[in-house]
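> Sequence:
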Amino acid sequence: AALRETGARIAILSNGTPAMLDEAVDAAGIGHLIDEIFSVDPLKIYKTAPAAYALVTSSLQVSAPDIAFQSSNRWDIAGAKAFGMTCHWINRSGAPDEYVEFLLDKVLSSLSGLIEVPA
6 AALRETGARI AILSNGTPAM LDEAVDAAGI GHLIDEIFSV DPLKIYKTAP
56 AAYALVTSSL QVSAPDIAFQ SSNRWDIAGA KAFGMTCHWI NRSGAPDEYV
106 EFLLDKVLSS LSGLIEVPA
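The numbering used here numbers the first residue of the sequence shown as 6 and each following residue consecutively.
For the record, the hints were derived by calculation from the structure and aren't laboratory data. Just so you know, even glycine gets a beta-carbon here, dropped at the ideal spot from N, CA and C. Don't take each hint at face value.
Claimed, not checked - Restraint-style ranges between C-beta atoms, simulated for each label pair:
| no. | residue 1 | residue 2 | range |
| --- | --- | --- | --- |
| 1 | Glu106 | Gly36 | 30 to 38 Å |
| 2 | Glu28 | Lys49 | 17 to 25 Å |
| 3 | Glu106 | Ala56 | 18 to 26 Å |
| 4 | Leu108 | Ala13 | 17 to 25 Å |
| 5 | Val105 | Ala32 | 34 to 42 Å |
| 6 | Leu48 | Gly12 | 28 to 36 Å |
Stated by the list, open to error - Listed below are the simulated SDA-like cross-link pairs for lysine to any residue, each with C-alpha atoms no more than 25 Å apart in a straight line:
| no. | residue 1 | residue 2 |
| --- | --- | --- |
| 7 | Lys111 | Leu8 |
| 8 | Lys49 | Asn20 |
| 9 | Lys49 | Leu60 |
| 10 | Lys111 | Leu65 |
Full structure from sequences and hints, please.
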């Protein structure tokens, strides 16, 4: 909720189906915090394909560097970074970085650290 109060637009980009994503958002009780939910499943082009990340930039009409992309999946961060997005890896377990060639903008130990990341 604190991130939402900064004026940030909050979106989900997932390989999951729209029905699965709606169910997950409802179960987590976070629907009121989410502006957009993007599923690449109808396109049958999945992350880490550039077209998956382009779904967000074209739909929101923003450039890739203006998007702060976060994930706990390092492979997903590598794909988003290769596409040009600003990336924050949520590394809760302190795992070693297996994609060092895709530099990170920030490594955080939890989502709560996002509120401290400059826009």
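> Decide, hint by hint, whether the structure agrees.
Evaluation of the provided hints:
Checked against the hint of 30 to 38 Å, the pair glutamate 106 and glycine 36 passes, with Cβ atoms roughly 37 Å apart. Between glutamate 28 and lysine 49 the C-beta distance comes to about 21 Å, which sits within the given range of 17 to 25 Å. The supplied range of 18 to 26 Å is met by glutamate 106 and alanine 56, whose beta-carbon atoms lie about 21 Å from each other. The hinted range of 17 to 25 Å is satisfied by leucine 108 and alanine 13, whose Cβ atoms lie roughly 23 Å apart.
Taking the beta carbon of each, valine 105 and alanine 32 are about 35 Å apart, inside 34 to 42 Å as hinted. Leucine 48 and glycine 12 have their C-beta atoms about 29 Å apart, which keeps the hinted 28 to 36 Å range intact. At most 25 Å may separate the alpha-carbon atoms for a hinted pair to count; lysine 111 and leucine 8 meet this at roughly 16 Å. Taken as a hint, the lysine 49 and asparagine 20 pair is honoured in the structure, with Cα atoms around 9 Å apart against an allowance of 25 Å.
Proximity of lysine 49 to leucine 60 is assessed by CA-CA distance (about 12 Å); at most 25 Å being required, the pair is judged to hold. Our distance criterion of 25 Å between C-alpha atoms is met by lysine 111 and leucine 65, whose separation comes to about 23 Å.
Comparing the model with each numbered hint stated earlier shows that all of them hold.
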